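Take a look at the letters that make up each chain.
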Amino acid sequence: MFALDPLFSGTFDGAVFLIVLAKVVIAFALLLVSVLFMIWFERKLHADMSNRLGPNRAGPFGILQTLADGIKFFFKEDLLPDRADKRIFILAPFLSLVPAFLVFSVIPLGGVFTAEKQGIVTVFGRETYVQLADPPIGVLLILACSSIAVYGVMLAGWSSGSKYPLLGSVRATAQMVSYEAALGLSVIAVVMLAGSLSTHDMVMVQAGEGFGGILPRWNLIATGVVPFVIFVIAGTAELNRPPFDLVEAEQELVGGFHTEYSSIRFALFFLAEFMNTVTMSAIIVTLFLGGPAGPTFFGPALMWGPIWFASKLFLFLFMFVWLRATLPRFRYDQLMDLGWKVLIPISLGWMLLLASLNVAGDAGWNTFVVAGAAVLIGLVAYLMLAGAIATSARRREQAELEGSIR
Amino acid sequence: MSDFLRDYLTVGIFGLTGVALVGLLLGLGSLLRPTRPQPQKYINYESGVDPVGTGWGQSNVRYYIFALLFVMFDVEAVFIFPFATRVDAYGWFGLIEMGIFIVVLALGLLYAWKKKVLRWV
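Residue numbers (the working numbering), protein chains in the order written: chain V, 1 to 406; chain F, 1 to 121.
Warning: the hint list may mix true and false statements.
Straight-line Cα separation of at most 20 Å, EDC-like style, residue types lysine to aspartate or glutamate; simulated pairs [claimed, not checked]:
no. : chain 1 : residue 1 : chain 2 : residue 2
1   : V       : 72        : V       : 400
2   : F       : 114       : V       : 397
3   : V       : 44        : V       : 273
4   : F       : 114       : V       : 400
5   : F       : 115       : V       : 333
6   : V       : 117       : V       : 127
7   : F       : 116       : V       : 333
8   : F       : 114       : V       : 337
9   : V       : 341       : F       : 46
10  : V       : 44        : V       : 77
11  : F       : 41        : V       : 78
12  : F       : 116       : V       : 397
13  : F       : 41        : V       : 82
14  : F       : 115       : V       : 397
15  : F       : 116       : V       : 337
16  : F       : 115       : V       : 400
17  : F       : 115       : V       : 337
18  : F       : 114       : V       : 333
19  : F       : 41        : V       : 333
20  : F       : 116       : V       : 400
21  : V       : 117       : V       : 209
22  : F       : 41        : V       : 85
Treat the hints as calculated values from the structure; they're not laboratory data. Every value quoted in this text rests on a predicted model; they were computed, and no experiment measured them.
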């Protein structure tokens, strides 16, 4: 039933172990290099967008700036506040960085996704996927890791025993928890179409051509608009990136949850933040844009998987920087309203709509009639809700007005 | 060890690599960095003035309610995911069942909304 990684279906010998080790090393190196690149890229691009030069001293185009900063962090004194809860203060960076790491293990990085190849490559005579691991619950692993990352932020803020970090972490927890719900619910549409929670199967479902060979088969109507937009918004909020960076709003909270962290401990939080940005982009690419699947042109077909993956990834990295350079920060109540009153109801409604279309299609009903009826029901529900909200707002204004006259 | 668990073994090895990386960086940092203790350095940062009271003040109960709502929706997701992978197999029964389930939970959200729990002021 499950399409497990064929690497493990045979005997478990030395070759398999070597392949696993090689995969771990490659994924590790790729992740770290892309994080270092992302930090430089963000600084350079953001500088460009605000008419500055950005880093330009260390190496060509300042590309070694991240490395230089990293080395500098090692030589800075590490301060552990007297009031801090020492053990948890030390534990928190682990809880922040390790989940960011783990998410990358289920991302498909390459492979030829055709009907006969199924994304399988042969290394040392063993068949395997070009992804670190393909557990049957891949998507749940991603969601679980992003939940654990909340602990890192929360415990870091709480254990500092200081006011700014505590406020920052409390904000972060409420925000991440709210958007976590929207994030999980928007993935459900993708899961429904793939019929599986494995990330490899999701890429497999999206590989090939749709719409008469013009566009890729990314389920553009079912997942490409509503769940995609919700996922990108919720993902940005989950990353605490602008315009949802209230967690570390400098003007109000100094540094947010990591105010008391210094030296390499601070660097770990910084690293985790950018690692999360890279992995979140990779998740978006995998779930909605077919990951490494894409047309092949010249040369070996195997080469095109990583190329497609990297270029799609780059697109989202650019988008995250662009958002940061362009949009002002949200107000906190607007942020909460957007999460609970807009994103969650819409993703729930969309999920029900897709499920009804799916089941009704199996029963042989006309898709358009079902879709029309569902949209009509949704519209009526929305109008009733909007009417109720408007009425209550009017009543409240009325009451306030009468109160002020008296 | 079954095939099923071996996939998680890889995830586990990768996770351990992550832990090792963090440990290595922290260890290297503790070898390289200077330590010149002064009592003033270990005071909490409070915009330059001496800290007032303890850092662990009382938080507003509002945060707690958001956490409760989250638990509600996360548990909901736990039920929806298995349904979502096998929509065809459950057919009309599953659809109607899930519809009722979601409507009940949506009512819960509406109730919270009506009670002004979702207002952050």
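Agreement of residue 116 of chain F and residue 400 of chain V with the hint, judged by alpha carbon distance not exceeding 20 Å: 17 Å, holds
Holds or violated: residue 115 of chain F to residue 400 of chain V, with C-alpha atoms at most 20 Å apart: 18 Å, holds
Proposed proximity, residue 400 of chain V with residue 72 of chain V (alpha carbon, max 20 Å): Violated. Residue 72 of chain V to residue 400 of chain V sits at ~58 Å, over the 20 Å cutoff.
Pairwise hint evaluation, residue 333 of chain V against residue 115 of chain F, where the allowed Cα distance is 20 Å at most: Since the Cα atoms of residue 115 of chain F and residue 333 of chain V sit roughly 16 Å apart, the hinted pair holds (cutoff 20 Å).
Holds or violated: residue 41 of chain F to residue 78 of chain V, with C-alpha atoms at most 20 Å apart: OK: residue 41 of chain F and residue 78 of chain V at ~10 Å, within 20 Å.
20 Å limit on alpha-carbon distance, applied to hinted pair residue 116 of chain F and residue 397 of chain V: This hinted pair holds, its Cα atoms lying about 15 Å apart.
Straight-line alpha-carbon gap residue 114 of chain F to residue 333 of chain V, limit 20 Å: 16 Å, holds
Proposed proximity, residue 209 of chain V with residue 117 of chain V (alpha carbon, max 20 Å): Status holds; Cα separation ~16 Å.
20 Å Cα cutoff - pair residue 116 of chain F, residue 337 of chain V: Distance of about 11 Å is within 20 Å: holds.
Pairwise hint evaluation, residue 46 of chain F against residue 341 of chain V, where the allowed Cα distance is 20 Å at most: Violated, at about 35 Å.
20 Å Cα cutoff - pair residue 114 of chain F, residue 397 of chain V: Given pair residue 114 of chain F, residue 397 of chain V holds - Cα atoms ~16 Å apart, limit 20 Å.
Agreement of residue 115 of chain F and residue 337 of chain V with the hint, judged by alpha carbon distance not exceeding 20 Å: Answer holds: residue 115 of chain F to residue 337 of chain V is near 14 Å, not above 20 Å.
Hint violations for this structure: numbers 1, 9, 10, 19, all remaining hints satisfied.
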